[in-house]
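Visitor: If you're matching them up, the sequences are chains A and B in order.
Using my numbering, the letters of the first sequence correspond one by one to residues 1 to 305.
Using my numbering, the letters of the second sequence correspond one by one to residues 1 to 252.
Keep in mind that the hints are not guaranteed to be accurate.
[To be verified] Facing chain A, according to a computed beta carbon distance under 10 Å, are these residues of chain B, among others:
1) L23
2) E29
3) S31
4) T36
5) E44
6) E46
7) I49
8) L60
9) R128
10) E137
11) D201
[Claimed, not checked] Here are the simulated lysine to aspartate or glutamate pairs, EDC-like style, with alpha carbons at most 16 Å apart:
12) A/K61 <-> B/D37
13) B/K225 <-> A/D184
14) A/K259 <-> B/E34
15) A/K106 <-> B/E44
16) A/K110 <-> B/D43
17) A/K165 <-> A/D114
18) A/K165 <-> A/E77
19) B/K40 <-> A/E72
20) A/K110 <-> B/E44
21) B/K47 <-> A/D49
22) A/K112 <-> B/E44
23) B/K235 <-> B/D61
24) B/K40 <-> A/D49
25) A/K169 <-> A/D114
26) A/K259 <-> B/E29
27) B/K22 <-> A/D166
28) B/K214 <-> B/D151
29) B/K185 <-> B/D246
30) A/K34 <-> B/E29
31) A/K110 <-> B/E46
32) A/K158 <-> A/E202
33) A/K106 <-> B/E46
34) A/K61 <-> B/E34
35) A/K178 <-> A/E198
[As the list claims (entries may be wrong)] A partial selection of chain A residues facing chain B, derived with a Cβ cut-off under 7 Å:
36) R67
37) D124
38) F288
39) I303
Calculated from the structure, these hints are not laboratory results.
Ideal Cβ placement from N, Cα and C applies to all residues, glycine included.
Below, each chain spelled out in residue letters.
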Amino acid sequence: MKRREFIQKTVSGATALTIGGIGLQSFAELNSAKKITILHTNDVHSHIDAFGPEDGRNANKGGVSRRASLVENIRKENPNTLLLDAGDIFQGTPYFNYYGGELEFKLMSKLKYDAATIGNHDFDNGIDGLFAQLPHAQFEFISSNYDFSNTIMHTHTKPYKIFKKDGIKIGVFGLGIKLTGLVDPMMYKETNYLDPVETSQEMTRILKDEEQCDLIICLSHLGYHYRNRPEKMSDLKLASRTKDIDLIIGGHTHTFLPKPTVVKNSENKNMLVNQVGCYGINLGKIDFYFDTQKNKAANGTSIIV
Amino acid sequence: MRFTHFFFLLYILFFTSCKKEKLHLTKIEGSKIEITDSLKIDDEIEKYIAPFRNHIQKDLDSVLAYSVDTYSKTDGSLNTAIGNFMADAIYEETYPVFKKRTGKDIDLVLLNHGGIRSIISKGQIKLRTAYEIMPFENSIVVVALKGAQIDSLVNYLSKARRAHPISKLRLLLDEDFKVAEATIKGKPIYNDTTYYVCTNDFLYNGGDNMTFFKPNDSLYVLNYKIRNALIDHFKKVDTINPVIDDRFIQIN
Chain A
1 MKRREFIQKT VSGATALTIG GIGLQSFAEL NSAKKITILH TNDVHSHIDA
51 FGPEDGRNAN KGGVSRRASL VENIRKENPN TLLLDAGDIF QGTPYFNYYG
101 GELEFKLMSK LKYDAATIGN HDFDNGIDGL FAQLPHAQFE FISSNYDFSN
151 TIMHTHTKPY KIFKKDGIKI GVFGLGIKLT GLVDPMMYKE TNYLDPVETS
201 QEMTRILKDE EQCDLIICLS HLGYHYRNRP EKMSDLKLAS RTKDIDLIIG
251 GHTHTFLPKP TVVKNSENKN MLVNQVGCYG INLGKIDFYF DTQKNKAANG
301 TSIIV
Chain B
1 MRFTHFFFLL YILFFTSCKK EKLHLTKIEG SKIEITDSLK IDDEIEKYIA
51 PFRNHIQKDL DSVLAYSVDT YSKTDGSLNT AIGNFMADAI YEETYPVFKK
101 RTGKDIDLVL LNHGGIRSII SKGQIKLRTA YEIMPFENSI VVVALKGAQI
151 DSLVNYLSKA RRAHPISKLR LLLDEDFKVA EATIKGKPIY NDTTYYVCTN
201 DFLYNGGDNM TFFKPNDSLY VLNYKIRNAL IDHFKKVDTI NPVIDDRFIQ
251 IN
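Sequences and hints are given; from them, build the entire structure.
Guide: What follows is the structure in structure tokens.
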């Protein structure tokens with residue numbers, strides 16, 4: 001933490017100096033370095049309360065009310081923050097059995113989540129059960145590869161959304177896992193699964209080429225990587241087969257990554273894949289710094305993980 | 001007038017020239033923040049959760065029945081008291097539901113040993129106990145199988161040599177773990193007869209390598225959760241006192 005604060009201070013100090021040289025106040029605002037913070041969770045699975053002190057694996061970890069204070073502090077430090085979730089909000093504690101996801105959505109709204117994608121367990125009370133809880137969610141559901149047009153969820157999700165923070169355009173799209181064999185067809189009904197790679201290519205074409213987004217984030221519930229099933233689509237596979245995505249925020253496999261993975265995309269450019277385990281034990285934080293060309297490092301974007 | 005024009009021009013020049021200085025992504029920093037008890041609790045959120053939590057806790061603490069002893073799935077070899085209790089309870093609760101909906105009789109119940117997720121402790125059985133034994137949302141299904149497929153089911157059990165919970169099926173293995181005798185409700189199994197096997201959706205879909213449920217004559221989805229059947233059963237009985245019996249044994 002200390003080291004990061006130091007880096008931040010030196011960065012803003014350096015910018016202030018450059019701008020001081022030009023001596024135009026309004027110009028300074030336009031040209032100063034900008035920072036976008038992306039916070040994320042995945043597979044929280046109705047874990048509203050922290051684990052108790054007697055828990056064998058995760059004693060005293062997690063808990064929504066602690067996450068709330070952490071997120072608030074980060075937002076105070078940088079108002080240009082997005083809070084995102086990569087799915088499987090539902091199922092795992094009696095809160096879900098009793099209230100069907102109502103409290104999960106209400107709390108996420110209170111924490112001011114900006115968007116979430118849909119995980120396989122979010123169908124556990126059927127697609128109707130998911131639909132029934134939507135009034136409690138004051139955030140966007142983003143799903144690009146579930147075609148809901150023949151279901152009750154039709155028009156209640158978006159294929160992508162563009163957020164503007166401090167003049168930076170952030171495009172977010174969402175990918176769900178193949179439901180066949182994983183979820184009872186009675187539950188997802190006529191939800192049509194579309195190919196994640198093709199969908200991503202379409203999304204990045206819209207977000208990069210048409211909408212000119214500065215940052216593209218994919219919320220994915222595909223799973224990090226399947227060592228024993230090389231044919232199965234995963235975040236690492238998707239990352240290597242697509243372009244223009246800056247960050248994939250993953251879920252499903254409950255993978256506790258010690259740090260975000262740097263992956264080469266189809267154009268051999270570095271991008272990030274991250275996942276923070278499950279049950280609200282961790283919060284992922286990725287800071288994106290923007291600056292004018294002259295302040296850019298000679299070797300392109302530097303990634304510090 | 002001239003001045004206004006001048007400022008207007010200056011304004012346009014100023015902003016267009018600024019916009020040309022496009023911002024680029026220069027640096028990315030990634031980190032993971034652990035949610036631990038060193039973080040402050042947000043009081044407003046905590047207050048909001050409290051009534052929901054209190055309701056659930058009070059409900060889960062409600063006493064449904066009484067258990068004479070402590071029962072664990074590790075007590076017993078081919079059948080266990082807790083497994084027998086579960087399979088029999090599922091039979092008793094599901095039989096009338098299935099009969100009412102289809103007019104047919106359930107012939108046997110098969111669950112899996114791994115699906116018993118906790119012990120039943122001696123003393124009060126609370127609603128919480130039902131969630132501990134069965135935290136999953138699996139639902140009861142009834143599958144129509146011909147006698148020949150029941151043979152596959154029986155062979156599976158003889159090879160598995162595990163105390164998968166069964167009810168109304170009796171299975172005797174010889175000293176080489178070969179099937180010596182298999183009966184359903186005390187009668188031999190006939191190849192051409194259709195049997196109605198009660199299980200859960202997880203096993204029906206091949207869980208625990210139970211591949212013998214497909215193909216089948218028909219599938220009946222009851223939308224009745226295993227946990228809810230157990231809760232209904234606990235509410236009906238006053239005391240439970242299950243035993244290890246001779247429904248699945250090896251004869252020497």
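Visitor: Could you run down the list of hints and mark each one as holding or not?
Guide: Right, here's what the structure says about each hint:
1. L23: For B/L23, the interface hint holds, since the closest Cβ of chain A sits about 4 Å away, which is under 10 Å.
2. E29: Holds: closest Cβ of chain A sits about 4 Å from B/E29, inside 10 Å.
3. S31: Cβ of B/S31 sits 5 Å from chain A, so the hint holds.
4. T36: 6 Å, holds
5. E44: Result: holds, 8 Å to nearest chain A Cβ.
6. E46: With a closest approach of 4 Å, the B/E46 hint holds.
7. I49: 6 Å, holds
8. L60: 6 Å, holds
9. R128: Holds. Min distance 9 Å.
10. E137: 6 Å, holds
11. D201: Check passed: Cβ of B/D201 comes within 6 Å of chain A, closer than 10 Å.
12. A/K61 <-> B/D37: 7 Å, holds
13. B/K225 <-> A/D184: At roughly 14 Å apart (the allowed maximum being 16 Å), A/D184 and B/K225 satisfy the hint.
14. A/K259 <-> B/E34: 12 Å, holds
15. A/K106 <-> B/E44: It holds: about 13 Å lies between the C-alpha atoms, which stays within 16 Å.
16. A/K110 <-> B/D43: Distance of about 12 Å is within 16 Å: holds.
17. A/K165 <-> A/D114: Judged against 16 Å, a Cα distance of about 12 Å means the pair holds.
18. A/K165 <-> A/E77: Holds, at roughly 14 Å.
19. B/K40 <-> A/E72: 11 Å, holds
20. A/K110 <-> B/E44: 10 Å, holds
21. B/K47 <-> A/D49: 12 Å, holds
22. A/K112 <-> B/E44: Holds - the C-alpha atoms of B/E44 and A/K112 are around 14 Å apart, at most 16 Å.
23. B/K235 <-> B/D61: 14 Å, holds
24. B/K40 <-> A/D49: Within the cut-off at roughly 14 Å; holds.
25. A/K169 <-> A/D114: 14 Å, holds
26. A/K259 <-> B/E29: Distance ~10 Å between A/K259 and B/E29 Cα, so the pair holds.
27. B/K22 <-> A/D166: Holds. B/K22 to A/D166 sits at ~14 Å (cutoff 16 Å).
28. B/K214 <-> B/D151: OK: B/K214 and B/D151 at ~13 Å, within 16 Å.
29. B/K185 <-> B/D246: Holds, because 14 Å separates the two Cα atoms, which is no more than 16 Å.
30. A/K34 <-> B/E29: Satisfied, since the Cα-Cα distance of roughly 13 Å is no more than 16 Å.
31. A/K110 <-> B/E46: Answer holds: A/K110 to B/E46 is near 11 Å, not above 16 Å.
32. A/K158 <-> A/E202: 14 Å, holds
33. A/K106 <-> B/E46: 13 Å, holds
34. A/K61 <-> B/E34: Distance of about 8 Å is within 16 Å: holds.
35. A/K178 <-> A/E198: Given pair A/K178, A/E198 holds - Cα atoms ~14 Å apart, limit 16 Å.
36. R67: OK, holds: A/R67 within 7 Å of chain B, min 6 Å.
37. D124: With Cβ-Cβ at 6 Å, under 7 Å, it holds.
38. F288: 6 Å, holds
39. I303: 5 Å, holds
Of the numbered hints given earlier, the model fails none.
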